[in-house]
Each structure stands twice: as C-alpha cells, then as structure tokens.
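There are 2 protein chains.
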Amino acid sequence: MRMYRAGSGLTQEELASKVNVTRQTIGLIEAGKYNPSLNLCISICKTLGATLNEIFWMEEDQDV
Amino acid sequence: MRMYRAGSGLTQEELASKVNVTRQTIGLIEAGKYNPSLNLCISICKTLGATLNEIFWMEEDQDV
DNA sequence: ACATTATGCAATGTATATATTACATTTAGA
DNA sequence: TCTAAATGTAATATATACATTGCATAATGT
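Protein sequences, first through last, are from chains A and B.
For the first sequence, the numbering used here begins at 11 and goes up steadily by one.
For the second sequence, the numbering used here begins at 11 and goes up steadily by one.
One thing to keep in mind: the hints can contain errors.
No copy is singled out in the list; a pair is fine if it fits within one copy or between any two copies.
In silico lysine-lysine, DSSO-like type, Cα no more than 27 angstroms apart, as pairs [as the list claims (entries may be wrong)]:
1) Lys56 with Lys28
2) Lys28 with Lys43
3) Lys43 with Lys56
Note that these hints are calculated values from the structure, not bench results.
Using the sequences provided together with the hints, build the complete structure.
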C-alpha cells in the first residue's frame with residue numbers, strides 16, 4: 011500500500027484526510043500493525059485509483 | 011458473497027467454522043449489516059476459492 | 001403434519017480498530 | 001547545519017467487529 015500511496019504523490023496525512031481517518035491509522039496499516047475494515051480498504055483503493063486485489067490481496071502471507 | 015458461498019455448497023455455519031468465526035458473523039456480513047475486517051475477508055476469499063475483487067469489490071456502492 | 005436443517009435476529013459481553021494528543025525520529029531542502 | 005515536513009510511536013478513550021447464548025422463523029424432506 012505504501013508503494014501505491016507514494017506513487018500517487020500523497021503523504022500519509024493527505025491520504026488519511028481523503029479517507030476520513032487519522033494519519034496514525036494509515037501509518038499503522040502500512041506497518042502491518044493492524045487489520046483495517048473492508049470499507050476503509052475500499053476507500054483507500056478508490057482514492058489511490060487501484061483495486062482491492064492490487065493493494066490488499068496476498069500482501070501478508072504468500073502461501074496458499 | 012452469498013452467491014459464492016452457495017456456489018461452493020457451504021452453509022453459513024460451515025463457512026463460519028472454516029474461517030473461525032461464528033455463524034452470526036457470516037450472516038451479518040451477507041446481510042450487509044457490518045463491515046468485516048480485511049483479514050476475515052481474505053480468509054473467506056481463500057475458503058471460497060475467489061479473490062477480494064470478485065467477492066468484495068464494488069458490491070455495496072456502484073458509483074465512482 | 002412432522003422433524004430437521006438453515007437462517008434471522010436480539011441482548012449482552014469482550015476484543016480490537018480507530019480517535020486524540022503529544023512527543024520523538026527521520027528525511028529533504030535551504 | 002538548520003529547519004520544516006513526514007513518519008514512528010506511545011497512552012488513553014471510544015466505537016464497533018465479533019463472540020455467546022438463546023429463541024423464532026423459513027425451508028426441505030419424509
């Protein structure tokens with residue numbers, strides 16, 4: 011997700027404000043330290059012009 | 011999501027037990043009454059043999 | 001009609017996503 | 001090197017995902 015955000019030229023704070031969460035929330039998601047809700051994931055995807063699969067599919071565990 | 015579950019021949023209870031949540035959780039997600047976590051969405055997708063985009067992308071609001 | 005299985009739904013409790021505030025650290029530019 | 005912007009991180013509070021239990025209703029087969 012960090013790649014997509016940086017590719018969009020947005021800071022954590024800018025992305026956070028566009029999706030109506032705090033900067034900390036974005037930072038913690040990028041750090042893999044928590045587990046965002048589906049609605050937040052969808053908002054992030056729409057803001058970054060990507061899909062769920064591109065940003066969130068098989069990013070944590072590559073197996074299966 | 012209900013279509014994919016039914017297509018897999020699983021009941022709510024069977025899917026719930028495979029992804030380690032309760033039947034109620036599956037029922038409420040299918041009813042659109044809450045907003046599952048990303049990890050749960052991913053578990054459901056893997057269990058049903060589909061991807062995030064197929065099951066959860068643009069299912070609630072078609073705009074944008 | 002009856003039994004059984006699947007699903008809906010409500011009340012209450014717990015875990016955790018997210019907010020808020022604040023400070024520390026890193027990075028980039030002048 | 002100095003400054004400012006970007007990011008990391010920690011403490012506490014709140015909202016909500018999810019569990020648990022229990023009962024009601026719908027669907028399906030005999």
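Against the structure, the hints come out as follows:
1. Only within a single protomer do Lys56 and Lys28 lie at most 27 angstroms apart by alpha-carbon distance; the minimum there is 10 angstroms, versus 30 angstroms between protomers.
2. Proximity of Lys28 to Lys43 under the C-alpha cut-off of 27 angstroms is found in both arrangements, the shortest distances being 21 angstroms within a copy and 24 angstroms between copies.
3. Taking identical chains as interchangeable, the C-alpha atoms of Lys43 and Lys56 lie at most 27 angstroms apart whether they share a chain (22 angstroms) or sit on different chains (22 angstroms).
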